[in-house]
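Protein chains in written order, with the working numbering: chain H, 6 to 69; chain P, 40 to 239.
Everything labelled a hint here was simulated from the structure, so no lab data went into it. Since we're looking at a predicted model, the values are computed, not measured. Careful: at least some of the hints might be erroneous.
[As the list claims (entries may be wrong)] With a straight-line Cα cutoff of 30 angstroms, these simulated DSSO-like cross-link-like pairs (lysine-lysine) come out:
{"hint": "1", "chain 1": "P", "residue 1": "K227", "chain 2": "P", "residue 2": "K75"}
{"hint": "2", "chain 1": "H", "residue 1": "K54", "chain 2": "P", "residue 2": "K101"}
{"hint": "3", "chain 1": "H", "residue 1": "K41", "chain 2": "H", "residue 2": "K54"}
{"hint": "4", "chain 1": "H", "residue 1": "K41", "chain 2": "P", "residue 2": "K121"}
{"hint": "5", "chain 1": "P", "residue 1": "K56", "chain 2": "P", "residue 2": "K147"}
{"hint": "6", "chain 1": "P", "residue 1": "K101", "chain 2": "P", "residue 2": "K75"}
{"hint": "7", "chain 1": "H", "residue 1": "K61", "chain 2": "H", "residue 2": "K49"}
{"hint": "8", "chain 1": "P", "residue 1": "K75", "chain 2": "H", "residue 2": "K63"}
{"hint": "9", "chain 1": "H", "residue 1": "K41", "chain 2": "P", "residue 2": "K118"}
{"hint": "10", "chain 1": "P", "residue 1": "K147", "chain 2": "H", "residue 2": "K61"}
{"hint": "11", "chain 1": "P", "residue 1": "K147", "chain 2": "H", "residue 2": "K54"}
{"hint": "12", "chain 1": "H", "residue 1": "K63", "chain 2": "H", "residue 2": "K49"}
{"hint": "13", "chain 1": "P", "residue 1": "K227", "chain 2": "H", "residue 2": "K54"}
{"hint": "14", "chain 1": "P", "residue 1": "K56", "chain 2": "P", "residue 2": "K152"}
{"hint": "15", "chain 1": "P", "residue 1": "K227", "chain 2": "P", "residue 2": "K101"}
{"hint": "16", "chain 1": "P", "residue 1": "K75", "chain 2": "P", "residue 2": "K147"}
{"hint": "17", "chain 1": "H", "residue 1": "K63", "chain 2": "P", "residue 2": "K227"}
{"hint": "18", "chain 1": "P", "residue 1": "K227", "chain 2": "H", "residue 2": "K41"}
{"hint": "19", "chain 1": "P", "residue 1": "K101", "chain 2": "H", "residue 2": "K49"}
{"hint": "20", "chain 1": "H", "residue 1": "K63", "chain 2": "P", "residue 2": "K147"}
{"hint": "21", "chain 1": "P", "residue 1": "K116", "chain 2": "H", "residue 2": "K41"}
{"hint": "22", "chain 1": "H", "residue 1": "K49", "chain 2": "P", "residue 2": "K75"}
{"hint": "23", "chain 1": "H", "residue 1": "K61", "chain 2": "P", "residue 2": "K101"}
{"hint": "24", "chain 1": "H", "residue 1": "K63", "chain 2": "P", "residue 2": "K101"}
{"hint": "25", "chain 1": "H", "residue 1": "K61", "chain 2": "P", "residue 2": "K75"}
{"hint": "26", "chain 1": "H", "residue 1": "K49", "chain 2": "P", "residue 2": "K227"}
{"hint": "27", "chain 1": "P", "residue 1": "K75", "chain 2": "H", "residue 2": "K54"}
{"hint": "28", "chain 1": "P", "residue 1": "K123", "chain 2": "H", "residue 2": "K41"}
{"hint": "29", "chain 1": "H", "residue 1": "K41", "chain 2": "P", "residue 2": "K101"}
{"hint": "30", "chain 1": "H", "residue 1": "K63", "chain 2": "P", "residue 2": "K152"}
{"hint": "31", "chain 1": "P", "residue 1": "K56", "chain 2": "P", "residue 2": "K75"}
[To be verified] Restraint-style ranges between C-beta atoms, simulated for each label pair:
{"hint": "32", "chain 1": "H", "residue 1": "E47", "chain 2": "P", "residue 2": "S70", "range": "31 to 41 angstroms"}
{"hint": "33", "chain 1": "P", "residue 1": "L58", "chain 2": "H", "residue 2": "N36", "range": "46 to 56 angstroms"}
{"hint": "34", "chain 1": "H", "residue 1": "Q29", "chain 2": "P", "residue 2": "K147", "range": "23 to 33 angstroms"}
{"hint": "35", "chain 1": "H", "residue 1": "E47", "chain 2": "P", "residue 2": "N99", "range": "14 to 24 angstroms"}
{"hint": "36", "chain 1": "H", "residue 1": "K49", "chain 2": "P", "residue 2": "H87", "range": "15 to 25 angstroms"}
{"hint": "37", "chain 1": "H", "residue 1": "Q29", "chain 2": "P", "residue 2": "F153", "range": "46 to 56 angstroms"}
{"hint": "38", "chain 1": "H", "residue 1": "N65", "chain 2": "P", "residue 2": "M207", "range": "14 to 24 angstroms"}
{"hint": "39", "chain 1": "H", "residue 1": "N19", "chain 2": "P", "residue 2": "S204", "range": "41 to 51 angstroms"}
{"hint": "40", "chain 1": "H", "residue 1": "D23", "chain 2": "P", "residue 2": "E95", "range": "33 to 43 angstroms"}
Heads up, the beta-carbon is just placed ideally off N, CA and C, and yes, glycines get one too.
Read off the chains here:
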Amino acid sequence: MYEQNIACPNCNTNILFDVNALLQGVSFACNGCDAKIQLPGESKNVVEKSMTEFNKMKNNALKQ
Amino acid sequence: MKTKKNNTNGQGLSIHKLLAAPFIAAASANSAMAQKQTAFLMDSCFDHAIDEDTEEEIYNPKMITLSMTKNVISTSKGKNGKYKTEQLTTNFQLPILTLIPFNSLCVKDVSVKFDMEIISQTDSKSISNTNEKSSESAELKGAVSYDSSTQTENQYQKKNSSKLSVEMNAGTIPLPVGFTTILDLYTKNIHSTALEEKKV
Chain H
6 MYEQNIACPN
16 CNTNILFDVN
26 ALLQGVSFAC
36 NGCDAKIQLP
46 GESKNVVEKS
56 MTEFNKMKNN
66 ALKQ
Chain P
40 MKTKKNNTNG
50 QGLSIHKLLA
60 APFIAAASAN
70 SAMAQKQTAF
80 LMDSCFDHAI
90 DEDTEEEIYN
100 PKMITLSMTK
110 NVISTSKGKN
120 GKYKTEQLTT
130 NFQLPILTLI
140 PFNSLCVKDV
150 SVKFDMEIIS
160 QTDSKSISNT
170 NEKSSESAEL
180 KGAVSYDSST
190 QTENQYQKKN
200 SSKLSVEMNA
210 GTIPLPVGFT
220 TILDLYTKNI
230 HSTALEEKKV
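In isolation and in its complexed conformation, chain H is listed as follows (with noise of 0.2 angstroms):
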């Protein structure tokens, strides 16, 4: 089950949904209007970058 949720601006119903899927491609449905989000390609590449310093941050921290 994914844990991140962002509200749906259509309808205001919560859209659960994973960031790596998002990355991937893949397309969140809106439980409440159906409606589906998705990551374009512009913002890819940023959340991307924010998301390897993001594992690189905790992997550090976990070994220290």
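Dock chain P against the given chain H, drawing on the hints supplied.
Relative to chain H, chain P alone:
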């Protein structure tokens, strides 16, 4: 007067320090992880700027674009005379921090089992001599002798055997309320920025 002590393994270890050490280590690890996560949050999720008027540092959230696609009923009819559905794509912006799966990494459980079996085995010899000759004989027979020389020999045996097992489990704890409030604020205020229609 001569005093000789044989220290065995474990001598000088304070139980207080021994028990506190794993908890202090866990607290330090938690603190280090929290600091790293906060530093990442401030550096990677916010743009820094200086306000020209107040000269204060301002943190603006870095925004990214997500697209939302939904089916809508078109106002125009199709060839068969029925209303057709169209896909409408909306791009909306939201702060990148709403997408990062932040969690409070921490040492969740620290279980310390302290099992110490103590068998005292300290050797201590105190020999006081007023007469060197009698001291030699007294050394063999102990203090039973009525010799003018006073000699005492005390023996303590001290052997420490301790077992300290520390069990630590890393896990996640709920995010700080302040952080979740910021996240909540951003996620509930997603606004549309542009509309793009695609006809199927």
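How the hints compare with the structure:
1. As the CA atoms of K227(P) and K75(P) are separated by approximately 27 angstroms, the hinted pair is consistent with the 30 angstroms bound.
2. Proposed proximity of K54(H) and K101(P) is supported: the alpha carbons are some 13 angstroms apart, at most 30 angstroms.
3. Note on K41(H) and K54(H): the hinted pairing holds, with a Cα-Cα distance of about 24 angstroms set against a maximum of 30 angstroms.
4. A distance of roughly 25 angstroms separates the Cα atoms of K41(H) and K121(P); the hinted pair therefore holds under the 30 angstroms criterion.
5. At most 30 angstroms may separate the alpha-carbon atoms for a hinted pair to count; K56(P) and K147(P) meet this at roughly 21 angstroms.
6. Straight-line distance between C-alpha atoms of K101(P) and K75(P) comes to about 19 angstroms, which keeps the hinted pair within the 30 angstroms bound.
7. With a C-alpha separation of about 18 angstroms, the suggested pairing of K61(H) with K49(H) holds against the 30 angstroms cut-off.
8. Among the hinted pairs, K75(P) with K63(H) is consistent with the structure: their alpha-carbon atoms are about 8 angstroms apart, no more than 30 angstroms.
9. With a CA separation close to 28 angstroms, the supplied pair K41(H) and K118(P) stays within the 30 angstroms bound.
10. Restraint check: the Cα-Cα separation between K147(P) and K61(H) comes to about 21 angstroms, which is no more than 30 angstroms; the hinted pair holds.
11. Straight-line distance between C-alpha atoms of K147(P) and K54(H) comes to about 29 angstroms, which keeps the hinted pair within the 30 angstroms bound.
12. The hinted pair formed by K63(H) and K49(H) meets the criterion: a straight-line CA distance of about 21 angstroms does not exceed 30 angstroms.
13. A C-alpha spacing of about 25 angstroms is found between K227(P) and K54(H), which places the hinted pair at or below 30 angstroms, so the restraint holds.
14. Distance hint between K56(P) and K152(P) is fulfilled; the C-alpha atoms sit about 14 angstroms from each other, no more than 30 angstroms.
15. At roughly 17 angstroms between alpha-carbon atoms, K227(P) and K101(P) fall within 30 angstroms of each other, so this suggested pair holds.
16. Pair hint K75(P) plus K147(P) holds up; C-alpha atoms about 17 angstroms apart against a cutoff of 30 angstroms.
17. Taking the CA atoms of K63(H) and K227(P), the gap is about 27 angstroms. The hint holds against a cut of 30 angstroms.
18. Between the alpha carbons of K227(P) and K41(H) the distance comes to roughly 17 angstroms, so the proposed pair stays at or under 30 angstroms and holds.
19. Distance hint between K101(P) and K49(H) is fulfilled; the C-alpha atoms sit about 14 angstroms from each other, no more than 30 angstroms.
20. A C-alpha spacing of about 16 angstroms is found between K63(H) and K147(P), which places the hinted pair at or below 30 angstroms, so the restraint holds.
21. This hinted pair checks out: K116(P) and K41(H) have alpha carbons roughly 25 angstroms apart, not beyond 30 angstroms.
22. Between K49(H) and K75(P) the CA atoms are separated by roughly 24 angstroms; this keeps the pair inside 30 angstroms, and the hint holds.
23. Of the pairs offered as hints, the one joining K61(H) and K101(P) holds, with about 19 angstroms between alpha carbons and a cut-off of 30 angstroms not exceeded.
24. Annotation: proposed proximity of K63(H) to K101(P) holds, straight-line Cα distance about 20 angstroms (limit 30 angstroms).
25. Our distance criterion of 30 angstroms between C-alpha atoms is met by K61(H) and K75(P), whose separation comes to about 11 angstroms.
26. Note on K49(H) and K227(P): the hinted pairing holds, with a Cα-Cα distance of about 22 angstroms set against a maximum of 30 angstroms.
27. A C-alpha spacing of about 17 angstroms is found between K75(P) and K54(H), which places the hinted pair at or below 30 angstroms, so the restraint holds.
28. The hinted pair formed by K123(P) and K41(H) meets the criterion: a straight-line CA distance of about 19 angstroms does not exceed 30 angstroms.
29. Under the criterion of a C-alpha separation no larger than 30 angstroms, the hint pairing K41(H) with K101(P) is consistent with the structure, at around 23 angstroms.
30. Using a Cα cut-off of 30 angstroms, the hinted pair K63(H) and K152(P) holds, with the two alpha carbons roughly 29 angstroms apart.
31. Distance check on the hinted pair: K56(P) and K75(P) sit about 28 angstroms apart at the alpha-carbon level, within 30 angstroms; holds.
32. One distance hint, 31 to 41 angstroms for the beta-carbon pair E47(H) and S70(P), holds here, with the actual separation near 38 angstroms.
33. In this structure, L58(P) and N36(H) meet the distance hint of 46 to 56 angstroms, their C-beta atoms being roughly 50 angstroms apart.
34. Separated by about 30 angstroms at the C-beta atoms, Q29(H) and K147(P) satisfy the suggested range of 23 to 33 angstroms.
35. A beta carbon spacing of about 19 angstroms between E47(H) and N99(P) agrees with the range 14 to 24 angstroms that was offered as a hint.
36. Separated by about 24 angstroms at the C-beta atoms, K49(H) and H87(P) satisfy the suggested range of 15 to 25 angstroms.
37. Take Q29(H) and F153(P): their Cβ atoms lie about 49 angstroms apart, and the range 46 to 56 angstroms holds.
38. The given range of 14 to 24 angstroms is respected by N65(H) and M207(P), whose C-beta atoms sit roughly 18 angstroms from each other.
39. N19(H) and S204(P) have their C-beta atoms about 43 angstroms apart, which keeps the hinted 41 to 51 angstroms range intact.
40. Between D23(H) and E95(P) the beta carbons are some 37 angstroms apart, a value that agrees with the proposed interval 33 to 43 angstroms.
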